[in-house]
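Colleague: Both chains come to you apart, so use the hints to assemble them.
As a plain string of letters, each chain reads:
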Amino acid sequence: QKEVEQDPGPLSVPEGAIVSLNCTYSNSAFQYFMWYRQYSRKGPELLMYTYSSGNKEDGRFTAQVDKSSKYISLFIRDSQPSDSATYLCAMSPTQGGSEKLVFGKGTKLTVNP
Amino acid sequence: DAGVTQSPTHLIKTRGQHVTLRCSPISGHKSVSWYQQVLGQGPQFIFQYYEKEERGRGNFPDRFSARQFPNYSSELNVNALLLGDSALYLCASSLAVYSYNEQFFGPGTRLTVL
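Chains A and B, in that order, are what the protein sequence lines are.
Going by the working numbering, the first sequence wraps up at 113, each residue one higher than the last.
Going by the working numbering, the second sequence wraps up at 114, each residue one higher than the last.
Quick caveat, the hints were computed from the structure, so don't treat them as lab data.
All C-beta atoms, glycine included, are put in the ideal place defined by N, C-alpha and C.
A portion of the hints provided could be inaccurate.
Said to hold, decoys possible - Quick look at which bits of chain B chain A covers, simulated, 3 or more residues with Cβ under 8 Å:
1. 39-46
2. 56-66
3. 101-108
Chain B extracted, bound-state conformation (with noise of 0.2 Å):
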């Protein structure tokens, strides 16, 4: 079975540009999480999506929009680009929402902004 995917791998953007982020959950799984893990930092909870539904939004600015689709899968967006945005978005899938035990994540998406 397919892991969790991320895509883009990297990406190059300029400040006040806007980036999208996407996220393919392992089969079956219909909840997706969101993290920023900036460069020897632990990963930071930016978004929770269960089912369609937002669950849990992080100390992240409004720059930062989620949503998650029919087939599960998510688009993480974010606006004005800033130097400190520069970081490894994770993306992370899981059955239920309460199952940390069973959260599986992906490779993240390099994301550079000069």
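In isolation and in its complexed conformation, chain A is listed as follows (with noise of 0.2 Å):
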């Protein structure tokens, strides 16, 4: 079983949709959950951040985690075709270094106008 699981998707939806987004993990050690957003030929983007359990709101985005479930959600309202992309989960058992860091696979995401 990989570390980190995520749907690859594709997922298409009309504009202004509620979008969900979910990864699963099974190492019981990460606390810090992140979703970065890559856009066709770029690098990630970090969209949002999180410790711990619970919700964090940011704009139209919001992450939860749940770490009795070990899983992990990206919601995304009013969805604009600016919005189309690949959005990557990404956990760490620890505030850093970079080998820490395990990455989903990534769910490739269109908003159709």
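Modeller: See below:
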């Protein structure tokens, strides 16, 4: 079993839809959880960064962490065509360094106008 | 301010050759990390350097090496290229070793090995 599982999609939604992206993990030591957005032919861009369980909101984006279920989610409200990208979850047991950061495969999202 | 820059953008090599990829971090950032992203996969950690010293190494063969220069730029070298080395190579910079929330990625170098 991989440490981090993420459905690769692809996921296609109409503009304005609520999008739900998810990752599950097996390592109960993970405490730091991140969501990255990666546009085609670009590097990943950090969207959300959370520690331990709970919710975090930033504009149209909400990140949720449920450590008891080993499950994290990213919700996008009022999705826009500009949200079309691949979304990567990542997690780590500690605050740095890079060798501890484990990424999911990414979910490709298309928002249709 | 300029972000993380990487060169070249694209590269085509044949099996057995050697390649050098370059990264310039954001001004003031002293940590550089290298990742390999195979098509359809998430990035996999290769190396992290901080203040010119190796601070972490991923599960990659000795054909992969890296270094960081006094100006904090970095090179990733891969010897004896294999077809499986074809990937997007990402560089990320941060102020310190332990700062995921302040780690910024470059656009990557796309390496194709024929």
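Colleague: According to a criterion of three or more residues whose C-beta lies within less than 8 Å of a C-beta of chain A, is the segment 39-46 of chain B covered?
Modeller: holds (count 6)
Colleague: Do three or more residues of the segment 101-108 of chain B come closer than 8 Å to chain A, measuring C-beta to C-beta?
Modeller: holds (count 7)
Colleague: Has the segment 56-66 of chain B got at least three residues whose CB is nearer than 8 Å to a CB belonging to chain A?
Modeller: holds (count 3)
Against the hints set out earlier in the document, no violation occurs for any number.
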